[in-house]
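Undergrad: Protein chains in written order, with the working numbering: chain U, 1 to 304; chain R, 1 to 252; chain X, 1 to 286.
Heads up, a few of these hints could be off.
Unchecked claim - Calculated Cβ distances over 12 Å to all of chain R for the following chain X residues: (1) Y3; (2) I51; (3) V55; (4) L88; (5) I101; (6) Y153; (7) F167; (8) A183; (9) S204; (10) D206; (11) L241; (12) P242; (13) I245; (14) I254; (15) G256.
What the hints assert, rightly or not - Facing chain R, from chain X, some residues (calculated, C-beta under 8 Å): (16) S155; (17) A166; (18) S169; (19) L170; (20) G171; (21) R172; (22) I177; (23) V180; (24) A244.
Because the hints were derived from the structure by calculation, they are not lab data. All of these numbers come straight from a predicted model, not from anything done at the bench. For each residue, glycine too, the CB sits at the ideal point set by N, CA and C.
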Amino acid sequence: MNDFSIIIQILWTGTAMSTFYVLFTVAFALPLKIAQLWNFAQAGFMGIAFYTMYVAFDRLYLPVWAGLGCGLVATIAFTVLMERYGLQTLRTRHASILHFFIFTLVLSEFVAYLLMLLFGTEPVTLFPSVLSPVHIVANIVVSDWDLIALSTTALLLLALLGFLRFHRDGQFLMAVADNGPLAELYGISAKRAYLVTMTIASVFVCVGMYLFGTRAGIIPTTPLELMLVAVIATLLGGIGRIFSAALAAVVISLVQSFSVLIIASAWQNLVLYGFLFFTILIFPRGFRIPRRIKVAPRPAAGDV
Amino acid sequence: MNEILSTQGLYKSFGGIVVADNVTFSIAAGEIIGLIGPNGAGKTSLFNLISGVITPDAGEIFLRGLPIGDLPLHRRARAGIARTWQHVRLFKTMTVLENLLVAPRECSGESVFKLLFGGGAYRREQATLRDRANGILARMGLAPMAERLVTELPFGQQKLVGVARALMNDGPCLLLDEPMAGVEGTAYETIKTIVREEAAAGRAVCVVEHNISFIKDLCSSAVFMANGRIMQTGTVAELFGNKFLTQLYFGT
Amino acid sequence: MHYIYSLLVLIGIYVTLSASFNLIIGNGGLISIAHPIFFALGAYTAALFAINFGVPVLFSIAAGMIVALGSSFALSLPALRISGDYLLIASIGFQLGLVQIIKNLDFTGGAGGLGNIPSVLSGETRDIAFAVGSLGMALVVVLIIRSIIRSPYGSAITAMRDDELAFVSLGRNAMAIKLVIFAIGSGFAGLAGGVYAYYYLYLSPDQFEILQSATILTMVVVGGMGSTLGPVVGGILLLALPQAITFLQLPPSIMGPLQGMIFTLLVLVFLFVRPQGLISTKRLHR
Numbered sequence: 001m002n003d004f005s006i007i008i009q010i011l012w013t014g015t016a017m018s019t020f021y022v023l024f025t026v027a028f029a030l031p032l033k034i035a036q037l038w039n040f041a042q043a044g045f046m047g048i049a050f051y052t053m054y055v056a057f058d059r060l061y062l063p064v065w066a067g068l069g070c071g072l073v074a075t076i077a078f079t080v081l082m083e084r085y086g087l088q089t090l091r092t093r094h095a096s097i098l099h100f101f102i103f104t105l106v107l108s109e110f111v112a113y114l115l116m117l118l119f120g121t122e123p124v125t126l127f128p129s130v131l132s133p134v135h136i137v138a139n140i141v142v143s144d145w146d147l148i149a150l151s152t153t154a155l156l157l158l159a160l161l162g163f164l165r166f167h168r169d170g171q172f173l174m175a176v177a178d179n180g181p182l183a184e185l186y187g188i189s190a191k192r193a194y195l196v197t198m199t200i201a202s203v204f205v206c207v208g209m210y211l212f213g214t215r216a217g218i219i220p221t222t223p224l225e226l227m228l229v230a231v232i233a234t235l236l237g238g239i240g241r242i243f244s245a246a247l248a249a250v251v252i253s254l255v256q257s258f259s260v261l262i263i264a265s266a267w268q269n270l271v272l273y274g275f276l277f278f279t280i281l282i283f284p285r286g287f288r289i290p291r292r293i294k295v296a297p298r299p300a301a302g303d304v
Numbered sequence: 001m002n003e004i005l006s007t008q009g010l011y012k013s014f015g016g017i018v019v020a021d022n023v024t025f026s027i028a029a030g031e032i033i034g035l036i037g038p039n040g041a042g043k044t045s046l047f048n049l050i051s052g053v054i055t056p057d058a059g060e061i062f063l064r065g066l067p068i069g070d071l072p073l074h075r076r077a078r079a080g081i082a083r084t085w086q087h088v089r090l091f092k093t094m095t096v097l098e099n100l101l102v103a104p105r106e107c108s109g110e111s112v113f114k115l116l117f118g119g120g121a122y123r124r125e126q127a128t129l130r131d132r133a134n135g136i137l138a139r140m141g142l143a144p145m146a147e148r149l150v151t152e153l154p155f156g157q158q159k160l161v162g163v164a165r166a167l168m169n170d171g172p173c174l175l176l177d178e179p180m181a182g183v184e185g186t187a188y189e190t191i192k193t194i195v196r197e198e199a200a201a202g203r204a205v206c207v208v209e210h211n212i213s214f215i216k217d218l219c220s221s222a223v224f225m226a227n228g229r230i231m232q233t234g235t236v237a238e239l240f241g242n243k244f245l246t247q248l249y250f251g252t
Numbered sequence: 001m002h003y004i005y006s007l008l009v010l011i012g013i014y015v016t017l018s019a020s021f022n023l024i025i026g027n028g029g030l031i032s033i034a035h036p037i038f039f040a041l042g043a044y045t046a047a048l049f050a051i052n053f054g055v056p057v058l059f060s061i062a063a064g065m066i067v068a069l070g071s072s073f074a075l076s077l078p079a080l081r082i083s084g085d086y087l088l089i090a091s092i093g094f095q096l097g098l099v100q101i102i103k104n105l106d107f108t109g110g111a112g113g114l115g116n117i118p119s120v121l122s123g124e125t126r127d128i129a130f131a132v133g134s135l136g137m138a139l140v141v142v143l144i145i146r147s148i149i150r151s152p153y154g155s156a157i158t159a160m161r162d163d164e165l166a167f168v169s170l171g172r173n174a175m176a177i178k179l180v181i182f183a184i185g186s187g188f189a190g191l192a193g194g195v196y197a198y199y200y201l202y203l204s205p206d207q208f209e210i211l212q213s214a215t216i217l218t219m220v221v222v223g224g225m226g227s228t229l230g231p232v233v234g235g236i237l238l239l240a241l242p243q244a245i246t247f248l249q250l251p252p253s254i255m256g257p258l259q260g261m262i263f264t265l266l267v268l269v270f271l272f273v274r275p276q277g278l279i280s281t282k283r284l285h286r
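Kindly produce the complete structure, drawing on both the sequences and the hints.
TA: See below:
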């Protein structure tokens with residue numbers, strides 16, 4: 001394998017590995033945009049999604065679609081309950097961002113401890129084997145997992161984009177994101193928008209955990225770490241910009257993959273957090289490409 | 001004329017809505033100017049521009065001839081601009097007296113260094129401050145309420161406290177935003193008296209009001225604003241003689 | 001007996017952390033979760049001064065306090081320029097970043113941790129001395145914070161909380177007050193860190209991760225923000241209750257998660273059943 005092949009390989013595998021980060025990031029960025037909610041409970045959902053599917057596959061031997069279905073149902077149920085009974089209550093009380101933060105984070109912690117109690121701290125994967133068939137394409141190792149991951153993620157992103165742009169409910173979400181009270185005046189239910197948002201986030205979380213869990217093992221505290229990447233990507237992409245955040249997730253993943261060539265793996269996290277530090281202090285609103293300002297044409301002499 | 005506060009060509013727009021359009025006016029020492037006009041005319045926005053809550057897109061503001069446009073909010077107050085708010089904005093978890101004690105122009109109470117190292121001088125200063133605050137409360141008939149929580153007071157008295165708090169700022173300029181809204185009886189008379197006294201003492205006073213009799217009683221001149229622009233200045237009689245303006249204001 | 005003393009030391013440390021955190025969050029209204037980082041900075045500074053320069057205990061703890069206080073500006077200055085809400089996110093980043101840096105630097109011992117902190121005293125004398133010292137520190141810090149809150153400065157802080165715009169329009173420099181409160185609170189966290197380092201004689205980055213932060217945060221919220229006694233009660237309650245099941249003699253693989261579940265469940269319950277905190281005062285600070 002020559003150097004060029006190595007780079008292409010890392011590029012390919014790195015991008016494939018970024019898929020679940022992209023899904024987790026979008027799941028985190030969406031409630032932030034629509035409901036201005038920093039959903040630190042996402043780690044809790046991730047844990048529930050994973051371990052439900054784990055039980056479905058490993059204990060009940062259900063087929064893939066059924067297992068995924070169970071995971072989806074469990075995650076969505078949990079999310080909806082949290083939104084309806086937890087977040088709604090806090091909103092009605094005009095609770096501060098502090099209370100939301102504590103609530104969501106402690107919820108994640110509670111789930112982590114519960115899962116620790118039920119499943120212990122040994123790493124588990126969704127299926128006994130994480131190996132998937134590979135093909136060699138132009139000197140690059142391409143596995144079935146890579147293909148599934150990339151196509152699923154691309155599909156979900158496209159679906160989300162289409163939904164937000166063209167579907168009525170999606171447009172309502174954007175209206176609520178822009179100006180909640182105003183949207184209410186026009187008859188758009190903010191509560192419903194929040195529920196839809198959290199449901200979409202659950203889907204992304206569940207699929208993401210499926211992809212991750214068919215590739216690597218997790219322990220109950222892994223979701224908290226994975227969620228951190230999502231938080232960082234969201235910050236780098238700019239609060240409120242979902243697809244920028246997704247891109248940031250890919251970039252972070254690739255940087256981490258490539259950095260193996262240059263620096264010891266121990267420093268990889270430092271690269272990540274160095275990025276974060278730098279962004280927070282210098283680019284608090286995320287990286288922005290300055291738009292070229294169009295100069296309005298001067299009206300002709302005859303115009304008033 | 002001893003000009004205290006003046007603005008020059010102030011312009012401010014919020015996404016297409018122009019709240020201040022080439023506003024040029026001034027207040028001299030001892031003057032009481034009434035700022036009148038329909039809702040949304042930009043009167044409160046003008047106060048916000050002067051006190052520093054919002055920054056103008058263009059134009060200048062001068063206090064005693066010196067430009068203050070670059071000064072942040074808190075420095076403008078220290079320079080001598082005192083104001084009240086349409087919605088009063090008292091400190092709700094504090095008593096009447098406490099509300100006043102954080103209001104002077106220079107307040108050693110806001111410095112942790114003075115707290116730790118100020119010693120005797122600090123204590124004396126705090127005592128002087130207290131006396132001054134009590135004096136103002138007495139002047140406004142609020143002395144019995146000094147230790148009451150502001151939320152326990154009826155609205156009219158809360159407005160009085162708002163004015164009292166502004167008076168803790170002994171600077172040359174006093175801006176009152178609808179001091180009479182929701183006020184009647186003795187509170188009404190008290191505020192009128194206070195405003196007269198302050199002007200007599202040399203302050204430049206500007207009052208935003210809808211209460212026409214208050215304006216007629218008190219103001220040496222008035223400024224009529226609509227759509228962010230000054231439509232006319234003059235005596236109150238002149239303004240109300242202008243049929244176009246009364247049409248704009250009252251719709252009759 | 002040693003167990004009781006170490007619990008007392010821990011209580012003293014946590015009460016100091018809670019009270020100083022409460023000053024920042026409850027009184028100052030500044031939402032940050034970087035408090036444990038200043039705790040860590042204090043601990044590491046004290047340890048490093050002791051190990052590398054042989055500085056005596058009181059001075060190295062004081063150094064820890066000063067470093068924590070000074071470095072708080074690195075977070076508060078840039079973050080507060082944006083907005084108060086942004087401080088929370090910036091503090092998350094600050095927290096994560098600094099823990100990583102500690103993990104990767106050699107002189108801090110890296111991920112393996114920093115041991116060899118010179119021990120002061122030994123045996124039961126040591127335990128008693130530290131218990132008294134830690135509780136004494138907590139008492140002093142609580143009293144200092146209380147007297148700050150009851151002073152004219154405290155009035156200024158309260159007014160700022162009530163209506164910041166009106167406050168600033170009177171001529172008050174709200175930014176300066178926020179920076180100072182943040183610094184004082186962080187300084188006290190550093191102080192607690194110094195004591196922690198000298199008692200446990202071993203520091204590692206894991207002890208200061210983001211979940212530790214959340215723990216202190218919840219103690220303050222559950223206890224009652226803005227009140228002096230609240231965080232004290234919150235601290236003791238949330239530390240002691242999970243410990244209560246230790247006597248059940250369950251295996252550690254169950255004990256650990258179970259304690260965690262009790263703690264988090266308590267927080268969730270209190271958050272919804274008594275959102276104003278266990279001890280709340282109608283007027284925030286008197």
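Undergrad: Give a verdict on every hint.
TA: Each hint tested on the structure:
no., hint, verdict
1, Y3, "holds, 39 Å"
2, I51, "holds, 32 Å"
3, V55, "holds, 25 Å"
4, L88, "holds, 23 Å"
5, I101, "holds, 30 Å"
6, Y153, "violated, 5 Å"
7, F167, "violated, 7 Å"
8, A183, "violated, 9 Å"
9, S204, "holds, 35 Å"
10, D206, "holds, 35 Å"
11, L241, "holds, 31 Å"
12, P242, "holds, 34 Å"
13, I245, "holds, 39 Å"
14, I254, "holds, 46 Å"
15, G256, "holds, 42 Å"
16, S155, "holds, 6 Å"
17, A166, "holds, 4 Å"
18, S169, "holds, 6 Å"
19, L170, "holds, 5 Å"
20, G171, "holds, 3 Å"
21, R172, "holds, 5 Å"
22, I177, "holds, 6 Å"
23, V180, "holds, 5 Å"
24, A244, "violated, 36 Å"
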